[in-house]
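Q: Read off the chains here:
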Amino acid sequence: KNQVEQSPQSLIILEGKNCTLQCNYTVSPFSNLRWYKQDTGRGPVSLTIMTFSENTKSNGRYTATLDADTKQSSLHITASQLSDSASYICVVTNMEYGNKLVFGAGTILRVKS
Amino acid sequence: NAGVTQTPKFQVLKTGQSMTLQCAQDMNHNSMYWYRQDPGMGLRLIYYSASEGTTDKGEVPNGYNVSRLNKREFSLRLESAAPSQTSVYFCASSEGGAGSYEQYFGPGTRLTVT
Chain A
-16 KNQVEQSPQS LIILEGKNCT LQCNYTVSPF SNLRWYKQDT GRGPVSLTIM TFSENTKSNG
44 RYTATLDADT KQSSLHITAS QLSDSASYIC VVTNMEYGNK LVFGAGTILR VKS
Chain B
232 NAGVTQTPKF QVLKTGQSMT LQCAQDMNHN SMYWYRQDPG MGLRLIYYSA SEGTTDKGEV
292 PNGYNVSRLN KREFSLRLES AAPSQTSVYF CASSEGGAGS YEQYFGPGTR LTVT
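Respectively, the protein sequence lines represent chains A and B. Final position of the first sequence in my numbering is 96; the numbers increase by one with none missing. Final position of the second sequence in my numbering is 345; the numbers increase by one with none missing.
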């Protein structure tokens, strides 16, 4: 079954600290993997998109990695800020079903001062 | 440049009532989508429109209808609302197919059916 599982479900860190969010997927074949940030009460906003041949992609303090062999991705946030408090969603594109997007449930991150 | 806009932001319906959620984009995108987001679950595709004049069912279309009014606007209609349709609804658009192009999301409509 094509699934995307994210861990942890939620996370609390202190401002200035780093953190890493995990995404494991069973979607196959896949064409790309995306990370979105969703602030409370808002729609998701794209952070990174990686094709199956890319290993890493950065967007400011956000760095996503992808291991297509083990079907794992991570999102690393450096020097966290209060504004990083949000839900982070991993999305995998399934090539088999007309490029259908399969969404993870998200990791809720709270950054405390 | 407003991006993707949705109306209303909040709505409360009684079981059996009908309503239409409106969505508009000003990015000249060809494709538009309706998703629902429920607690503890990933976004699920309800309907999509690959281009003006076409619509197709997504993963969870039962109880919904859509209209692609023109290139800018894509509406979602609940004919007879049920409590199971309590959710947050997001409209999105992309230049081409969502698998290959960036998707841009609206701010969402929070719907409660009592």
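Because the hints were derived from the structure by calculation, they are not lab data. It is possible that some hints are incorrect.
Unchecked claim - Per the computed footprint, the stretches of chain A lying under chain B, defined by three or more beta-carbons under 8 Å from a beta-carbon of chain B, are: (1) 37 to 44; (2) 82 to 96.
Said to hold, decoys possible - Below, simulated BS3-like cross-link-like pairs (lysine-lysine); rule was C-alpha separation at most 27 Å, straight line: (3) K(-16)/A - K54/A; (4) K245/B - K(-16)/A; (5) K54/A - K83/A; (6) K83/A - K245/B; (7) K302/B - K240/B; (8) K(-16)/A - K288/B; (9) K0/A - K95/A; (10) K245/B - K302/B; (11) K288/B - K302/B.
Claimed, not checked - DEER-style ranges, computed between Cβ atoms: (12) S311/B - A62/A: 19 to 29 Å; (13) P239/B - S11/A: 31 to 41 Å; (14) S11/A - K240/B: 18 to 28 Å; (15) M78/A - G294/B: 45 to 55 Å.
In this text, a Cβ means the ideal position worked out from N, Cα and C, and glycines have one as well.
Q: If a hint holds in the structure, say so; if it does not, say that too.
A: Do the hints match the structure? See the list:
1. 37 to 44: Coverage by chain B is violated for the stretch 37 to 44 of chain A (0 residues, Cβ < 8 Å).
2. 82 to 96: Satisfied; 8 residues make the cut.
3. K(-16)/A - K54/A: holds (14 Å)
4. K245/B - K(-16)/A: violated (36 Å)
5. K54/A - K83/A: holds (17 Å)
6. K83/A - K245/B: With Cα atoms ~33 Å apart, K83/A and K245/B exceed 27 Å; violated.
7. K302/B - K240/B: holds (22 Å)
8. K(-16)/A - K288/B: Given pair K(-16)/A, K288/B holds - Cα atoms ~20 Å apart, limit 27 Å.
9. K0/A - K95/A: holds (10 Å)
10. K245/B - K302/B: violated (32 Å)
11. K288/B - K302/B: Holds, because 18 Å separates the two Cα atoms, which is no more than 27 Å.
12. S311/B - A62/A: 19 to 29 Å: Hint violated: Cβ distance 51 Å, outside 19 to 29 Å.
13. P239/B - S11/A: 31 to 41 Å: holds (40 Å)
14. S11/A - K240/B: 18 to 28 Å: violated (38 Å)
15. M78/A - G294/B: 45 to 55 Å: violated (29 Å)
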